[in-house]
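Student: The lines below spell out each chain.
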Amino acid sequence: MAEVAQKVAADIPDASYVNLGIGIPEMVAGFVPEGRELIYHTENGLLGMGPTPVPGHEDPELINAGKKCVTAIPGASFFHHADSFMMIRGGHIDYCVLGAFQVSQEGDLANWSTGETNAIPAVGGAMDLVAGVKNIFVITQHTTKTGEPKIVQQCTYPLTGKQVVTRIYTNYAIIDIRDKKLYIRELAPGIEMEFLQQVTGAPLHQD
Amino acid sequence: MAEVAQKVAADIPDASYVNLGIGIPEMVAGFVPEGRELIYHTENGLLGMGPTPVPGHEDPELINAGKKCVTAIPGASFFHHADSFMMIRGGHIDYCVLGAFQVSQEGDLANWSTGETNAIPAVGGAMDLVAGVKNIFVITQHTTKTGEPKIVQQCTYPLTGKQVVTRIYTNYAIIDIRDKKLYIRELAPGIEMEFLQQVTGAPLHQD
Amino acid sequence: MVNKTVASAADAVADIYDGATILIGGFGEAGSPIELIHALIDQGAKDLTVVSNNTGSGQVGLAALIANRQVRKMICSFPKSANSVVFPELYTRGEIELELVPQGTLAERIRCGGAGIPAFYTPTSVNTPLAEGKEIRHFNGNPYVMEYAIRGDFALVKSLKADRYGNLVYHKTARNFNPVMCTAATTTIVQAKHLVEVGSLDPETVITPGIFVQRVLEVTHPMEESVLVAENRRYPWNR
Amino acid sequence: MVNKTVASAADAVADIYDGATILIGGFGEAGSPIELIHALIDQGAKDLTVVSNNTGSGQVGLAALIANRQVRKMICSFPKSANSVVFPELYTRGEIELELVPQGTLAERIRCGGAGIPAFYTPTSVNTPLAEGKEIRHFNGNPYVMEYAIRGDFALVKSLKADRYGNLVYHKTARNFNPVMCTAATTTIVQAKHLVEVGSLDPETVITPGIFVQRVLEVTHPMEESVLVAENRRYPWNR
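Residue numbers (my numbering), protein chains in the order written: chain Y, 23 to 229; chain P, 23 to 229; chain F, -8 to 230; chain R, -8 to 230.
Don't read these hints as lab results, they were simulated from the structure.
Some hints could be false.
In silico BS3-like links for lysine-lysine, alpha-carbon gap of 30 Å or less [said to hold, decoys possible]: (1) R:K71 with P:K156; (2) Y:K202 with R:K125; (3) P:K156 with F:K125; (4) Y:K29 with Y:K90; (5) R:K37 with R:K71; (6) F:K125 with R:K71; (7) P:K167 with F:K152; (8) R:K37 with Y:K167; (9) P:K203 with P:K167; (10) R:K184 with Y:K156; (11) F:K184 with F:K(-5); (12) R:K64 with Y:K90; (13) R:K71 with Y:K90; (14) Y:K90 with R:K152; (15) R:K125 with Y:K184; (16) P:K203 with P:K184; (17) P:K90 with F:K64; (18) F:K125 with F:K71; (19) Y:K156 with F:K(-5); (20) P:K184 with F:K37; (21) F:K64 with F:K37; (22) Y:K156 with R:K64; (23) P:K184 with F:K71; (24) Y:K202 with Y:K90; (25) P:K202 with F:K125; (26) P:K184 with P:K156; (27) P:K90 with F:K184; (28) Y:K90 with R:K184; (29) Y:K29 with F:K(-5); (30) Y:K167 with Y:K202; (31) P:K90 with F:K125; (32) P:K156 with F:K71; (33) P:K90 with F:K152; (34) F:K152 with R:K125; (35) P:K29 with R:K(-5); (36) R:K(-5) with Y:K184; (37) P:K167 with P:K184; (38) F:K152 with Y:K156; (39) R:K(-5) with P:K156; (40) P:K203 with P:K90.
Can you make the complete structure from the sequences, with help from the hints?
Tutor: Right, dumping it as structure tokens:
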């Protein structure tokens, strides 16, 4: 997914405040185009998150939302959880890149629970992020491991938020969501329109 | 009113957090009994307010709620207005000493507006203080300049809060308010019970 | 590159428009961004709603903005003080509106504006005239008033230090409303006594993280309102 | 004289009672007051409701408190993590209750508990299962969920430094929930790595003013949860 993460990074404007979800979204930080300065927010209380520390210089009390050790850039600031979520809920963060179980054609996101009876539900900050961040990008494999579409007409898993995702980056395409419809923005090399529709659970449109 | 302020100070337990209203209440800080440590809160963002600065050492950005220059004691802290009123509204301040236009026998307080048509209304933090501080003491002249009772059956001025005052300190007496009744706690030297009732607008009780 | 510094006070306030809501920091003169306010007088935007704890003193700063008839409405907790003459006069003549808000409710309404919370319940002002017409609701048997968030189109703020990211620290009780106002405006404009290099503010002691700030102007020698008032100064100076 | 220091962890938690609600700081191991939690295990209070972002790792700290069957209910945003085994097991067996709360809502509910605000409205969780059964209300045409304040009978908190007044500063992202939890408990109990003289903390940089703290215990060498988990340790040590 490295090339996909690079695509995401290329689309985030200079000087943006960005929150990256746990997992694949974290890869985006590695691809900021030359000359651009992005400031990363991690919801556990740090603005100005820097790269992974040099081995031996980890501080178990300087971590990101995924509880991995990170660093703080010059110009960073620490704050408590209520202040951190003021930034999120209050609309101060420009971009959030999240993973997904499912995204609907209307931009509904399901990424916290498969709804299975015996699973331990865990939501973290996902619902706050989709409710408050100005632009919600999803980065995900286009299909599940068993080949099922993750982009669907309606999510069958419990929602994280309704009509929140504005763009989806997958290994096959970049898709915009506008007016409750999916619009193809870019196809990955070697991907045909017809194939893409086959592995997508909702109608795709072109401008 | 210095002796009255001294009485108030004597009744505030060691290690209390105290907010003093503008005017006569400020005098209380001058009479803390030996060996007691009180921590003064001023709602404009300082816990650990100290005495008036030495002339020539005033800082116009280190002031109290009355906008007079003050100092900060060792162990003080500065914070913003929303955090300051968390302390007040959240019930963290033990005592507040306020002035009054009127106090009713039920503990209603009127101290922000005379309700005159052409007056400029100004409330400041008074309504927050009476809503949030654990013990509200009033210090006031027993009557108005024209001899009218300030302790009344029902306030005629607009209220600051309802059933909030628990004790009144005047130049004539100390009066507790319990179960919507006035109880004489102490008479000033030379003040007779009969006289006190004459200058008080509601029935006085004795335990 | 993130660079929020602006070259002049005029640049800082250039796009403030007629009818805007402006949050102005300060408690009395402490923390009041007097140079930015004077630039707004020069700029001339009118029909403003101003949210500030007080209404200014003498004929400078916020009082001068009001005297210049740029303010349609004040939202504040304490509109009069020892040296305030402008607002009381206009108010008595019915020429300016006033929304009087208890100080803690004012601070919390602004914080909620910055935090994406549209409304909250508070015990403050229950059973008083300031709760009239507002929704009262009981929780655990006690009455509370519902209050709405306040947001500004612009905030004018004073700080001690700032860096180009917009990180701020304040000076003593000049902090007051400034940090919450930073969070609650679409465009937050800061005058800082010292513009410092990125990295020179300790991340543990930053009070306003830069995300809440859009513009930073260095004003190395801010005027002192009380001095100007004592000298009977009036802004614009040439009036 | 104001002196909030206590002599031992046992003293610090001695009066925690059965059925109490306890706010426990930390995000993962960062900022988790592990020595105070272990003292609570020794003390034995049961039927507790614990409010904490996670449910602990391995068999130490919060996970050990749960394993010791002292916790009736967890209120948290993320009850599972790489090394959490205790809570998932009990939850799957139906032997512990869970109230799942979005992380920002959890932080704000606790802040409101400390700020005297009984309820507020938030856009978070609207149209999701976590809003089911809750009041939805529209402001400016958008839907919001009403959420209630959370208060604790006790809070267990970890800080970097403390003085005898209870003023606190924290270490990096170990700050997390700790400051808001301090404000929202009847009795806030802090373990600080360094107990410092009154006056040695800069008043501009105090994060938790002492008014929010009732007890301070110095724990000079706090254990690291991740080290204990890696070593497969289990509390009580002698079990």
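Student: Each hint should be assessed against the structure and marked as holding or not.
Tutor: We went through each hint and held it up to the structure:
1. R:K71 with P:K156: 40 Å, violated
2. Y:K202 with R:K125: Holds: K202 of chain Y and K125 of chain R sit about 27 Å apart, inside 30 Å.
3. P:K156 with F:K125: 25 Å, holds
4. Y:K29 with Y:K90: Between K29 of chain Y and K90 of chain Y the Cα gap is close to 24 Å, so the pair holds against 30 Å.
5. R:K37 with R:K71: 22 Å, holds
6. F:K125 with R:K71: It is violated: about 43 Å lies between the C-alpha atoms, which goes past 30 Å.
7. P:K167 with F:K152: 49 Å, violated
8. R:K37 with Y:K167: Since the Cα atoms of K37 of chain R and K167 of chain Y sit roughly 44 Å apart, the hinted pair is violated (cutoff 30 Å).
9. P:K203 with P:K167: The given pair, whose Cα atoms are some 25 Å apart, holds under the 30 Å limit.
10. R:K184 with Y:K156: 39 Å, violated
11. F:K184 with F:K(-5): Within the cut-off at roughly 15 Å; holds.
12. R:K64 with Y:K90: 28 Å, holds
13. R:K71 with Y:K90: With Cα atoms ~15 Å apart, K71 of chain R and K90 of chain Y stay inside 30 Å; holds.
14. Y:K90 with R:K152: Holds: K90 of chain Y and K152 of chain R sit about 24 Å apart, inside 30 Å.
15. R:K125 with Y:K184: 17 Å, holds
16. P:K203 with P:K184: 14 Å, holds
17. P:K90 with F:K64: Measuring from Cα to Cα gives roughly 28 Å; hence the hint holds.
18. F:K125 with F:K71: The hint holds at about 25 Å.
19. Y:K156 with F:K(-5): 20 Å, holds
20. P:K184 with F:K37: Violated, at about 40 Å.
21. F:K64 with F:K37: It holds: about 11 Å lies between the C-alpha atoms, which stays within 30 Å.
22. Y:K156 with R:K64: With Cα atoms ~35 Å apart, K156 of chain Y and K64 of chain R exceed 30 Å; violated.
23. P:K184 with F:K71: 25 Å, holds
24. Y:K202 with Y:K90: 36 Å, violated
25. P:K202 with F:K125: Distance ~27 Å between K202 of chain P and K125 of chain F Cα, so the pair holds.
26. P:K184 with P:K156: 14 Å, holds
27. P:K90 with F:K184: 23 Å, holds
28. Y:K90 with R:K184: 23 Å, holds
29. Y:K29 with F:K(-5): OK: K29 of chain Y and K(-5) of chain F at ~27 Å, within 30 Å.
30. Y:K167 with Y:K202: OK: K167 of chain Y and K202 of chain Y at ~26 Å, within 30 Å.
31. P:K90 with F:K125: Violated, at about 34 Å.
32. P:K156 with F:K71: Given that 30 Å is the threshold and the Cα spacing comes to 28 Å, the pair holds.
33. P:K90 with F:K152: Holds, because 24 Å separates the two Cα atoms, which is no more than 30 Å.
34. F:K152 with R:K125: 44 Å, violated
35. P:K29 with R:K(-5): Distance of about 27 Å is within 30 Å: holds.
36. R:K(-5) with Y:K184: Between K(-5) of chain R and K184 of chain Y the Cα gap is close to 48 Å, so the pair fails against 30 Å, i.e. violated.
37. P:K167 with P:K184: 25 Å, holds
38. F:K152 with Y:K156: The given pair, whose Cα atoms are some 29 Å apart, holds under the 30 Å limit.
39. R:K(-5) with P:K156: Since the Cα atoms of K(-5) of chain R and K156 of chain P sit roughly 20 Å apart, the hinted pair holds (cutoff 30 Å).
40. P:K203 with P:K90: Measuring from Cα to Cα gives roughly 37 Å; hence the hint is violated.
When the structure is compared with the earlier hints, violations turn up for hints 1, 6, 7, 8, 10, 20, 22, 24, 31, 34, 36, 40 and for no others.
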